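S.K.: Chains as they are written, first to last, in this note's numbering: chain A, 1 to 330; chain B, 1 to 114; chain C, 1 to 259.
What the hints contain is simulated information worked out from the structure, not anything from laboratory work. Keep in mind that this is a model prediction, so the values were computed, not measured. C-beta atoms are modelled at their ideal positions from N, C-alpha and C, and glycine is treated no differently. Among the clues, some could well be false.
[As the list claims (entries may be wrong)] Calculated Cβ distances over 10 Å to all of chain A for the following chain B residues:
1. Leu38
2. Ser39
3. Ala49
4. Ile55
[Stated by the list, open to error] Straight-line C-alpha distance at most 25 Å; calculated DSS-like pairs for lysine-lysine:
5. Lys321/A with Lys56/B
6. Lys56/B with Lys138/C
7. Lys172/A with Lys56/B
8. Lys56/B with Lys322/A
9. Lys135/C with Lys56/B
[Said to hold, decoys possible] Which chain A residues stay away from chain C? Per the calculated CB distances, all over 10 Å, these:
10. Ile6
11. Lys14
12. Leu16
13. Met19
14. Asn31
15. Pro43
16. Gly45
17. Arg80
18. Leu117
19. Ala164
20. Glu253
21. Asp307
22. Ala328
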Amino acid sequence: MYAQMIKSTGQGVKSLEEMDPQERAFQERINAGGKIEPKDWMPEGYRKNLIRQIGQHAHSEIVGQLPEGNWITRAPTLERKAILLAKVQDEAGHGLYLYCAAETLGVSRDQLTRDLLSGKMKYSSIFNYPTLTWADMGAVGWLVDGAAIMNQVPLQRTSYGPYARAMVRICKEESFHQRQGYDIMMKMAKGTDAQRKMAQDALNRFWGPALMMFGPSDENSVHSAQSMAWKIKMNSNDELRQKFVDECVPQAEYLGLTVPDPDLKWNEERGHYDFTQPDWDEFFDVLKGNGPCNTERLAARNKAWDDGAWVRDGLMAHAAKKRAAKLAAE
Amino acid sequence: MSSPEAKPYPGTQAVDHGKARADEWPLFEIFIRGQHGLSHRHVGSLHAADAEMAIKNARDVYTRRNEGVSIWVVEAAHIAASSPEEKGPLYEPANDKVYRHPTFFDIPDEVGAM
Amino acid sequence: MSTAIIDPNKGDLFEFLCRMGDNTLVLGHRVSEWCGHAPVLEEDIALANTALDLIGQTTLWLDLAGKVEDAGRDADRLAFHRDVWDFRNLLLVEQPNGDFGQTIMRQFLFDAWHLSQLTALMESSDAQIAAIAEKSSKEVTYHLERATDTVIGLGDGTEESHRRMQNALDLLWPYVGEMFVADAVDEAMVAAGIAPDPASLRAAYDTLVNDVFTVATLTRPESDFGHRGGKSGKRHSEHLGHMLTQMQWLQRAYPDATW
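Chain A with its partners taken away, still in its complex shape:
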């Protein structure tokens, strides 16, 4: 989900016999379910891959504040306002835990931020879609957080210790996110005609992009195979996407809403829902920068960074003055 543009050596996964002793010991530890910690030896590829994935995961949390942050000032009740604000605040917190995990690998948060702002690093494609009505707050919580949870729960068992621990903390907080979204959908779907229409419209717009969050089929991807061998990736994209569809359909049915897929059908033989693949051309367009909100999202993050420079510098300067005064007094 956050592994866009992550490339391995491209040479395919080595077998244990092909590895030199150091790498073999490393891989055997991973195979046995052990954790790799910051001070341990690790192949350069593992380290680079993790920096990219954790970094992009962190960026996704931060950029992910924007589509929902868009509705905080227009939330329709005091309670909804507080709940939405708490959720968006959580996303900032998640970004923070993940940046700190990435930093254990020798990269600074500021550098990761600069790479995001310059476009060098990516964030999850879903956040390039606009939130147009209050019902979108429901759809985003239900579908987008739902998809994220599906990806994040297995990541609690990822091989890199700091990443796994960040995921444990995040998963505990994430369940509230999905529930608050679904709660909004329930209220809207059983509300006035206008609210029902709003809810259906939100589902129509977010269904495809939510399916795209898992990434295109990676059955034949050499990069995915390496990530799986290293337990940086725990499931294939198709696996997760299927699981997501199977869970969402009854949830949509309960709401009395229609999933915008005319070919959606329960397949008794497979024991899963058959569904239409999302528009992968659209997905690659969005990755290239042509999504509805790519420009705005990056502009907002750049502005916050640039406008905030004097604040960061000022507080640092003050801390330095305090330190100097303390030393002088001793």
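Since chain A is already given, all that's left is putting chains B and C on it; use the hints.
M.R.: Same frame as chain A, now just chains B and C:
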């Protein structure tokens, strides 16, 4: 902390884990003891201009204002670690804002697990 | 607080409660605008906490106001369906966020008053008000602490941060006076032993802010002239109307919906 063979990440001044870079706020590790806890536990890290600010940031980031909580912050550079194995940070529930808890929302059973 | 307690009339008490709740409503809304845009992640989280506290306090004050009024209005009804002329917040809190310095200066100037007001209200003859004040004062103590630190940190930081904080102080100081001016509603609250005389809080306020300005190397503006019209509702600034068009829009556009 990067493994010995690691090259610095492009664009990043290579420093030992936790050491402050010239133009960045230093990294602090955060330890929290909850109301009913007997000792401080490591919950994660954050950046701050100095230790005083780190404590306040920790209160905002890692406790969502639980009362009776004790916070220790240590600049990451000052931590001497002996073993490669670290105990994981633990979850501190936020009791004040009840809607942060999944149980606040009444999700019907028919809908499936959420 | 006077020892002879006179029961306030419903209208005055309702006004007073709206003043408290509208302050936290408007300021909470303003602070929440920063979510996703703050200078640094840790600050984003801290500001959101402040906003959440203020929104929580709003519900307490305005729900009580609705009960006192006894016309079937609750906090949401009051927040989302009154127009500008019915709002009773101070002019200070409706001022726009401006840059981060302006936001923090506004927070500091308000928190210093807010905490002293809440501390006095903990002794209120009205038990419900005293209870709300007690809970809120714990939160506001922290708000004031954080705002103070940031005012000092930026005031005595770099040349640029100092300049911006001084500009913010110069811009917002004319809104401080309103917090300490007593009118008929205040006099009724004093007579009822419910709330302190606003003027009685000024001396301690001055001491507190002067101390902070000194450490922050900021210069307190010479004139103590203060704009009025917010807490009386007689004349809000143009900013409030725009804010309400954002905040109230959904409820106004779909009046038959529940959310």
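S.K.: Please check whether the beta-carbon of Glu253/A is more than 10 Å away from every beta-carbon in chain C.
M.R.: holds (23 Å)
S.K.: Once the closest CB in chain C is found, is it more than 10 Å from Pro43/A?
M.R.: holds (30 Å)
S.K.: Should the label of Asp307/A as a non-interface residue stand, given a Cβ cut-off of 10 Å to chain C?
M.R.: violated (7 Å)
S.K.: Checking the smallest CB distance to chain C, is Ala328/A really beyond 10 Å?
M.R.: holds (16 Å)
S.K.: Is the Cβ of Arg80/A more than 10 Å away from each Cβ in chain C?
M.R.: Arg80/A not clear of chain C: closest Cβ-Cβ about 6 Å, inside 10 Å.
S.K.: Given the hint that Lys56/B pairs with Lys322/A, test it: the Cα-Cα distance must not exceed 25 Å.
M.R.: holds (17 Å)
S.K.: Take a quick look at Gly45/A and tell me if its Cβ sits farther than 10 Å from every Cβ on chain C, holds or violated.
M.R.: About 29 Å separates Gly45/A from the closest Cβ of chain C, which puts it past 10 Å; holds.
S.K.: Using Cβ atoms and 10 Å as the threshold, tell me whether Met19/A really stays out of contact range of chain C.
M.R.: Non-interface label stands for Met19/A: nearest chain C Cβ at 39 Å, farther than 10 Å.
S.K.: Is it the case that Ile55/B keeps its Cβ farther than 10 Å from each residue Cβ in chain A?
M.R.: holds (13 Å)
S.K.: With d taken as the least Cβ-Cβ distance between Lys14/A and chain C, does d exceed 10 Å?
M.R.: holds (38 Å)
S.K.: Would the least Cβ to Cβ distance between Ala164/A and chain C come out above 10 Å?
M.R.: Per Cβ check, Ala164/A is outside 10 Å of chain C; nearest 21 Å; holds.
S.K.: Is the nearest Cβ of chain A still more than 10 Å from the Cβ of Leu38/B?
M.R.: holds (21 Å)
The structure shown violates the earlier hints numbered 3, 17, 21.
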